[in-house]
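2 protein chains.
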Amino acid sequence: MAQSQSSGPLRGLRILELGHFVAAPFATRLLADLGADVIKVEPPGGDPVRGWGEQIDGKSLWWSLHGRNKKSVVLDLKTDEGKRAVLDLAAESDAVIENFRPGQLEKLGLGPDALRAAQPGLVIARISGYGQDGPYRNRPAFGVIAESMGGLRYLTNHEPGANDLPPVRVGVSIGDSIAGLYAAFGVVAALWRRDRAGGSGRGQTVDVALTEAVLSMMEGMLPEYGKLGKIREPSGGGIPTASPSSAYPTSDGWILVAANSEPLFAKLAALIGRPDLPTDPRFTTNRLRCQSRDAIDGIIGAWTRQFDAATASQLLTAADIPNTKVFTAADCAHDPQFRDRGMVREVEDPILGEVLHAGIVPHFPEDPGAIRWTGPAVGAHTAEILASLRRDPTDRAA
Amino acid sequence: MAQSQSSGPLRGLRILELGHFVAAPFATRLLADLGADVIKVEPPGGDPVRGWGEQIDGKSLWWSLHGRNKKSVVLDLKTDEGKRAVLDLAAESDAVIENFRPGQLEKLGLGPDALRAAQPGLVIARISGYGQDGPYRNRPAFGVIAESMGGLRYLTNHEPGANDLPPVRVGVSIGDSIAGLYAAFGVVAALWRRDRAGGSGRGQTVDVALTEAVLSMMEGMLPEYGKLGKIREPSGGGIPTASPSSAYPTSDGWILVAANSEPLFAKLAALIGRPDLPTDPRFTTNRLRCQSRDAIDGIIGAWTRQFDAATASQLLTAADIPNTKVFTAADCAHDPQFRDRGMVREVEDPILGEVLHAGIVPHFPEDPGAIRWTGPAVGAHTAEILASLRRDPTDRAA
Numbered sequence: 001m002a003q004s005q006s007s008g009p010l011r012g013l014r015i016l017e018l019g020h021f022v023a024a025p026f027a028t029r030l031l032a033d034l035g036a037d038v039i040k041v042e043p044p045g046g047d048p049v050r051g052w053g054e055q056i057d058g059k060s061l062w063w064s065l066h067g068r069n070k071k072s073v074v075l076d077l078k079t080d081e082g083k084r085a086v087l088d089l090a091a092e093s094d095a096v097i098e099n100f101r102p103g104q105l106e107k108l109g110l111g112p113d114a115l116r117a118a119q120p121g122l123v124i125a126r127i128s129g130y131g132q133d134g135p136y137r138n139r140p141a142f143g144v145i146a147e148s149m150g151g152l153r154y155l156t157n158h159e160p161g162a163n164d165l166p167p168v169r170v171g172v173s174i175g176d177s178i179a180g181l182y183a184a185f186g187v188v189a190a191l192w193r194r195d196r197a198g199g200s201g202r203g204q205t206v207d208v209a210l211t212e213a214v215l216s217m218m219e220g221m222l223p224e225y226g227k228l229g230k231i232r233e234p235s236g237g238g239i240p241t242a243s244p245s246s247a248y249p250t251s252d253g254w255i256l257v258a259a260n261s262e263p264l265f266a267k268l269a270a271l272i273g274r275p276d277l278p279t280d281p282r283f284t285t286n287r288l289r290c291q292s293r294d295a296i297d298g299i300i301g302a303w304t305r306q307f308d309a310a311t312a313s314q315l316l317t318a319a320d321i322p323n324t325k326v327f328t329a330a331d332c333a334h335d336p337q338f339r340d341r342g343m344v345r346e347v348e349d350p351i352l353g354e355v356l357h358a359g360i361v362p363h364f365p366e367d368p369g370a371i372r373w374t375g376p377a378v379g380a381h382t383a384e385i386l387a388s389l390r391r392d393p394t395d396r397a398a
Numbered sequence: 001m002a003q004s005q006s007s008g009p010l011r012g013l014r015i016l017e018l019g020h021f022v023a024a025p026f027a028t029r030l031l032a033d034l035g036a037d038v039i040k041v042e043p044p045g046g047d048p049v050r051g052w053g054e055q056i057d058g059k060s061l062w063w064s065l066h067g068r069n070k071k072s073v074v075l076d077l078k079t080d081e082g083k084r085a086v087l088d089l090a091a092e093s094d095a096v097i098e099n100f101r102p103g104q105l106e107k108l109g110l111g112p113d114a115l116r117a118a119q120p121g122l123v124i125a126r127i128s129g130y131g132q133d134g135p136y137r138n139r140p141a142f143g144v145i146a147e148s149m150g151g152l153r154y155l156t157n158h159e160p161g162a163n164d165l166p167p168v169r170v171g172v173s174i175g176d177s178i179a180g181l182y183a184a185f186g187v188v189a190a191l192w193r194r195d196r197a198g199g200s201g202r203g204q205t206v207d208v209a210l211t212e213a214v215l216s217m218m219e220g221m222l223p224e225y226g227k228l229g230k231i232r233e234p235s236g237g238g239i240p241t242a243s244p245s246s247a248y249p250t251s252d253g254w255i256l257v258a259a260n261s262e263p264l265f266a267k268l269a270a271l272i273g274r275p276d277l278p279t280d281p282r283f284t285t286n287r288l289r290c291q292s293r294d295a296i297d298g299i300i301g302a303w304t305r306q307f308d309a310a311t312a313s314q315l316l317t318a319a320d321i322p323n324t325k326v327f328t329a330a331d332c333a334h335d336p337q338f339r340d341r342g343m344v345r346e347v348e349d350p351i352l353g354e355v356l357h358a359g360i361v362p363h364f365p366e367d368p369g370a371i372r373w374t375g376p377a378v379g380a381h382t383a384e385i386l387a388s389l390r391r392d393p394t395d396r397a398a
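Going line by line, the protein sequences match chains A and B.
With this note's numbering as the guide, the letters of the first sequence map in order to residues 1 to 398.
With this note's numbering as the guide, the letters of the second sequence map in order to residues 1 to 398.
There's no promise every hint is true.
Chain copies aren't distinguished; within one or between two, either way the pair holds.
Said to hold, decoys possible - Straight line, CA to CA, 30 angstroms or less: simulated DSS-like cross-link-like pairs of lysine-lysine: (1) 107 to 267; (2) 78 to 267; (3) 83 to 107; (4) 59 to 267; (5) 71 to 230; (6) 78 to 107; (7) 267 to 83; (8) 227 to 107; (9) 267 to 230; (10) 71 to 59.
These are calculated hints, taken from the structure and not from any lab test.
Could you build the full structure based on these sequences and the hints that come with them?
Okay, structure coming up:
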């Protein structure tokens with residue numbers, strides 16, 4: 001494998017991305033953030049995700065982040081030269097991450113058998129909507145459908161009967177990103193197995209389905225249904241088993257208050273001038289408060305409504321009650337903790353100038369990795385990479 | 001390290017959990033599902049999460065899943081014996097995963113220095129609300145607060161002005177689980193670095209903050225704000241840049257329909273008896289449809305409303321239009337794809353009998369791991385584990 005110039009715990013790894021849209025590129029962003037060298041293969045027109053979201057002069061702001069630390073190589077996988085180059089790249093890679101529809105890579109002659117003929121140690125992560133087998137295998141995959149099938153969308157709603165609006169989307173492609181994170185985890189697990197002392201050197205396949213990635217997050221939903229026939233229901237801004245804990249209105253946005261222990265509830269009651277509440281028979285225990293949720297939330301909301309969010313938050317924080325403004329993009333961008341930890345940082349983009357990026361998660365204090373460069377132009381590294389492949393293999397090994 | 005009897009790519013690893021509630025135990029569940037041996041240290045009363053959610057005879061259904069494949073050891077970390085046992089266990093472990101408040105382990109004399117004195121190769125993953133340093137380090141952490149600070153809660157809402165209800169919680173502790181998944185990824189990345197050929201043998205620290213784990217999922221939110229001052233806004237059931245794509249009402253629940261390409265929109269228009277729609281000047285392109293979202297969603301909703309969800313889904317699927325009922329627990333439990341892939345499966349629990357569990361994600365077809373046992377009783381393995389520690393170290397090595 002090529003010697004890496006990067007830092008981070010995964011430096012020295014080489015990952016080939018045959019991906020598009022969100023899930024596979026998110027997985028490779030995570031690996032690249034921790035130091036892996038990632039080569040992204042794109043079709044002649046580029047990954048369609050480059051056209052998503054806000055643009056400046058045709059340059060995508062999201063792409064600056066989504067494509068960071070990767071090299072972009074344009075290849076036409078329908079041509080023999082394109083296929084040959086993919087196999088040559090696979091021969092020098094530790095892992096391939098792809099999110100074509102199941103069967104598509106095989107149709108192109110780039111299935112696991114062909115890739116492993118080029119490199120027997122290759123780990124291959126395949127991300128799809130429903131998995132590589134089973135009756136739904138061939139159905140088209142969309143993140144919103146996976147979130148709905150995994151049980152997440154049903155719960156992202158107000159209490160039954162609260163209104164007739166549909167359950168809401170989380171606002172980002174959370175199913176895709178969670179699947180991408182699972183793929184990154186699976187790839188590193190397979191590489192640990194391959195590369196540890198006494199390891200087989202063999203690369204495994206990792207099969208990640210968006211639907212399953214979402215379902216795996218659903219806590220006690222399945223055991224509770226299976227044993228008690230209980231269908232978990234949405235609970236709006238609150239938590240079914242904790243009160244008070246919800247988002248409350250202020251004059252300029254929502255504030256999240258979590259005061260669902262007895263000491264916290266007593267502090268909150270004192271703060272809002274209602275020291276009678278903890279002895280009110282409706283509110284003496286968390287269980288009772290959950291049953292009288294509307295009443296207690298109404299009282300708290302009437303108090304928060306008098307202030308702007310910053311003032312309400314100051315008062316609550318001074319009283320030692322866990323709270324936060326419900327952060328918008330602006331709040332995240334200016335938050336002192338995110339700034340202090342490098343989790344919101346300015347990054348220099350050669351075309352866009354200074355761009356705000358999210359930092360590197362998880363944080364390795366002793367070897368944190370780096371944002372080496374922002375999302376490159378389509379094919380920015382095609383010449384460099386193809387030249388390296390054309391060199392004599394003996395040279396390459398050296 | 002002790003020889004493992006398990007299967008899965010992480011067999012042979014030994015993980016010590018000093019965790020409680022959701023995030024750290026979710027991380028160890030993922031590692032144990034892939035074959036790692038996990039020892040969970042609990043206080044004399046047990047992890048409080050055992051009391052959360054629905055119970056049968058005092059046994060938690062969620063715990064059956066949340067605690068699966070782990071051994072439970074009760075230790076009082078405030079006593080010298082308890083501390084000694086933790087250090088002895090650390091000496092035989094590859095990684096520790098903890099989610100105490102920052103500084104708490106150090107106060108107990110069980111900080112990284114003490115743990116690494118027992119085992120220099122130890123990887124230590126620390127999960128907290130805001131991270132191990134920075135101005136908010138000492139604030140109490142709650143999942144709902146992290147989701148709000150990371151920008152997720154603000155977007156989980158209807159369009160501004162659609163109603164006056166608060167933005168909704170996702171319905172599960174998604175911030176905790178995403179942080180747990182990042183911790184599992186970070187631990188395996190650190191172990192790959194430690195254990196590969198030529199590795200240093202040194203264990204690194206992995207610092208995971210719930211707030212940061214959420215923020216890292218927010219796609220182009222930060223770059224778009226930083227460059228254009230644009231604050232991403234919630235968009236209810238839909239996607240701001242795709243139409244039609246939303247949840248629509250049926251007589252017995254919501255159905256998700258994603259027909260936001262021209263061919264899919266034409267198919268949908270034909271199916272609902274409105275072949276005029278694709279040439280209606282309001283709807284000829286995706287961009288125009290996004291601007292006339294209420295109109296197009298109203299027309300589609302009037303059609304879906306005539307059917308139950310199963311019938312609507314059959315009609316849409318026959319017309320090749322991506323759709324799914326918005327799944328409840330019951331729908332997930334009976335889905336043929338989840339069943340076929342083992343992603344919904346019955347597991348034998350010694351106390352609860354047959355319990356429904358989510359399967360193992362990601363799926364390793366060649367070495368899938370196993371659900372070896374369900375969440376054990378508090379301290380079920382205390383005697384066994386303490387006896388193994390008391391044995392002569394020479395015996396242990398053998």
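Status of each hint after checking the structure:
With identical chains, the CA atoms of residue 107 and residue 267 are at most 30 angstroms apart between copies only, with a shortest distance of 27 angstroms across copies and 64 angstroms within one. Taking the closest pair of Cα atoms, residue 78 and residue 267 come within 30 angstroms of each other only across two copies (28 angstroms); inside a single copy the shortest separation is 66 angstroms, beyond that limit. Taking the shortest Cα distances, residue 83 and residue 107 sit within 30 angstroms of each other inside one copy (12 angstroms), while across copies they are farther apart (58 angstroms). Neither within a single protomer nor between protomers do residue 59 and residue 267 lie at most 30 angstroms apart by alpha-carbon distance, with minima of 50 angstroms and 33 angstroms respectively.
In this homomeric assembly, residue 71 and residue 230 come within 30 angstroms of each other (Cα to Cα) only across copies, at 28 angstroms, whereas the closest approach inside a single copy is 49 angstroms. In this homomeric assembly, residue 78 and residue 107 come within 30 angstroms of each other (Cα to Cα) only inside a single copy, at 10 angstroms, whereas the closest approach across copies is 61 angstroms. Taking CA atoms no more than 30 angstroms apart as the test, residue 267 paired with residue 83 passes in neither setting, with 66 angstroms inside one copy and 34 angstroms between copies. Taking the shortest alpha-carbon separations for residue 227 and residue 107, neither the intra-copy value of 44 angstroms nor the inter-copy value of 42 angstroms comes in at or below 30 angstroms.
Taking the shortest alpha-carbon separations for residue 267 and residue 230, neither the intra-copy value of 35 angstroms nor the inter-copy value of 37 angstroms comes in at or below 30 angstroms. With identical chains, the CA atoms of residue 71 and residue 59 are at most 30 angstroms apart within one copy only, with a shortest distance of 17 angstroms there and 52 angstroms across copies.
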